[in-house]
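Student: Chains as they are written, first to last, in my numbering: chain H, 160 to 274; chain Y, 20 to 136.
Don't read these hints as lab results, they were simulated from the structure. Honestly, I wouldn't trust all of these hints.
A partial selection of chain H residues facing chain Y, derived with a Cβ cut-off under 7 Å [what the hints assert, rightly or not]:
1) E201
2) G202
3) L203
4) L205
5) K215
6) F264
7) T266
Pairs of lysine to aspartate or glutamate, DMTMM-like flavour, derived with a Cα cap of 20 Å [to be verified]:
8) H/K219 - H/D243
9) H/K271 - H/D161
10) Y/K60 - H/D161
11) Y/K33 - Y/E78
12) Y/K83 - Y/D129
13) H/K261 - Y/D129
14) H/K219 - H/E273
15) H/K211 - H/E175
16) Y/K85 - Y/D107
17) Y/K33 - Y/E106
18) Y/K60 - H/E167
19) Y/K85 - Y/D46
20) H/K227 - H/D214
21) H/K261 - Y/E82
22) H/K261 - Y/E78
23) H/K271 - H/E201
24) Y/K39 - Y/E106
25) Y/K39 - Y/D84
26) H/K261 - Y/E71
27) Y/K60 - H/E201
28) Y/K83 - Y/E71
Away from chain H, derived, C-beta distances all over 10 Å, residues of chain Y [said to hold, decoys possible]:
29) V30
30) I31
31) G35
32) K39
33) N70
34) E71
35) K83
36) K85
37) L93
38) H104
39) Q125
40) F127
Quick caveat: nothing in here was measured; it's all calculated off a predicted structure. Beta carbons: idealized from backbone N, C-alpha and C, even for Gly.
The residues making up each chain are set out below.
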Amino acid sequence: GDSVTQMEGPVTLSEEAFLTINCTYTATGYPSLFWYVQYPGEGLQLLLKATKADDKGSNKGFEATYRKETTSFHLEKGSVQVSDSAVYFCALSEGWTGGGNKLTFGTGTQLKVEL
Amino acid sequence: GAVVSQHPSRVICKSGTSVKIECRSLDFQATTMFWYRQFPKQSLMLMATSNEGSKATYEQGVEKDKFLINHASLTLSTLTVTSAHPEDSSFYICSARPGQGSNQPQHFGDGTRLSIL
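Chain Y extracted, bound-state conformation (with noise of 0.2 Å):
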């Protein structure tokens, strides 16, 4: 079945510096992925929808400054939570969607945990 690797499961830094999480459709291409984070006890909030080749697109309240994608490539997006602060501690999920359309069903990666200090 399709496969997303989400890296790194967890890291824990200093306050200030910046962190970057890898999101890796193993076994086909995404043209579209998309970004989540949830906080203890709440909703999968979608941060952005990343496009292959082109900007991201931030949801309202999502600093694109501070949280960075790229998604260079047709099985690789990048999320880079800049000059990360204690409040950025969170649970964030990566999905990835094969194909073109929207028909077909979003694939999950297990998540990364990161811990600001």
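Chain H extracted, bound-state conformation (with noise of 0.2 Å):
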């Protein structure tokens, strides 16, 4: 079946520094890749999305690559804030496809922005 493997948390990380988080995936179609972001005390928000090989996704000064030779979707930001500290989750959906349908997620990463 399908599944999303995420690097282990937590990450912490010195505000304006690099941030990438690993996610690889494994499935048996051409699926779709998201990035959910979830704030302290907050719900799953959609971050990014690709649907198809070498589709960029970006928001918010976030990026990923829709890697098929690697099946690799790691996210990345050249200068994380404080802001950004959350719990960062990979998923994928078979198909093209606007995240409508069954969701398969990682584990989840916490990000700690320190001063």
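Hints are included, so try docking the two chains, each in its own frame, into the full complex.
Tutor: Below, the structure written as structure tokens:
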């Protein structure tokens, strides 16, 4: 079955540091890939998505590129802020979709950004 | 933006009682809602897909008689954990999808932390 593997956290960075959160996936078909973010005390929010190979999703300074050859969708940001502290979830959905179908999630990676 | 309200946010109850969790889409209609469960330091696992006016579709290994889902209107789905036991303690999260197709993203509630004593 489908699965998503994320790097374990927590990841602790200083403000303005470069962020990478690794995500790899296993899927039988051609999935769509997503990053969700959960700020403290809030629900999950869609951060970015990519629906086919070599697509790059981007939002709020975060980027992730759909790499079919390495089955990866690593999340990056060039300069993190304290306000980026949250839990980040990588997820996939089978087929081309905006995210409205069944989602398979990774375990989540907690990011802490300090001054 | 699209808002999903989940209630209660936290519930503590005795073993053997039934607990109802509500999921409401506040500013859009949701033909489809999803119920997820999250154990500590683990993934969100889809439990069931709830469709308005029809029976929910449960994922493999999820007991439909244990976790009753009712999606009676386009803005409300409920999950009832029947005869709850300590092993049912978990974080339950719902999401709602606007419109009819899968092109629209899911919007998530803030979750319900259920603790069974």
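Student: It remains to establish, for every hint, whether it holds in the given structure.
Tutor: Each hint tested on the structure:
no.: 1; hint: E201; in the structure: holds (6 Å)
no.: 2; hint: G202; in the structure: holds (4 Å)
no.: 3; hint: L203; in the structure: holds (4 Å)
no.: 4; hint: L205; in the structure: holds (5 Å)
no.: 5; hint: K215; in the structure: violated (18 Å)
no.: 6; hint: F264; in the structure: holds (4 Å)
no.: 7; hint: T266; in the structure: holds (5 Å)
no.: 8; hint: H/K219 - H/D243; in the structure: holds (10 Å)
no.: 9; hint: H/K271 - H/D161; in the structure: violated (29 Å)
no.: 10; hint: Y/K60 - H/D161; in the structure: holds (19 Å)
no.: 11; hint: Y/K33 - Y/E78; in the structure: violated (27 Å)
no.: 12; hint: Y/K83 - Y/D129; in the structure: violated (23 Å)
no.: 13; hint: H/K261 - Y/D129; in the structure: holds (18 Å)
no.: 14; hint: H/K219 - H/E273; in the structure: holds (19 Å)
no.: 15; hint: H/K211 - H/E175; in the structure: violated (30 Å)
no.: 16; hint: Y/K85 - Y/D107; in the structure: holds (10 Å)
no.: 17; hint: Y/K33 - Y/E106; in the structure: holds (12 Å)
no.: 18; hint: Y/K60 - H/E167; in the structure: holds (9 Å)
no.: 19; hint: Y/K85 - Y/D46; in the structure: violated (30 Å)
no.: 20; hint: H/K227 - H/D214; in the structure: holds (10 Å)
no.: 21; hint: H/K261 - Y/E82; in the structure: holds (18 Å)
no.: 22; hint: H/K261 - Y/E78; in the structure: holds (10 Å)
no.: 23; hint: H/K271 - H/E201; in the structure: holds (16 Å)
no.: 24; hint: Y/K39 - Y/E106; in the structure: holds (17 Å)
no.: 25; hint: Y/K39 - Y/D84; in the structure: holds (14 Å)
no.: 26; hint: H/K261 - Y/E71; in the structure: holds (16 Å)
no.: 27; hint: Y/K60 - H/E201; in the structure: holds (17 Å)
no.: 28; hint: Y/K83 - Y/E71; in the structure: holds (17 Å)
no.: 29; hint: V30; in the structure: holds (17 Å)
no.: 30; hint: I31; in the structure: holds (18 Å)
no.: 31; hint: G35; in the structure: holds (30 Å)
no.: 32; hint: K39; in the structure: holds (19 Å)
no.: 33; hint: N70; in the structure: holds (12 Å)
no.: 34; hint: E71; in the structure: holds (14 Å)
no.: 35; hint: K83; in the structure: holds (17 Å)
no.: 36; hint: K85; in the structure: holds (20 Å)
no.: 37; hint: L93; in the structure: holds (15 Å)
no.: 38; hint: H104; in the structure: holds (25 Å)
no.: 39; hint: Q125; in the structure: violated (6 Å)
no.: 40; hint: F127; in the structure: violated (4 Å)
In terms of the numbered hints stated before, the structure departs from hints 5, 9, 11, 12, 15, 19, 39 and 40, listed from lowest to highest.
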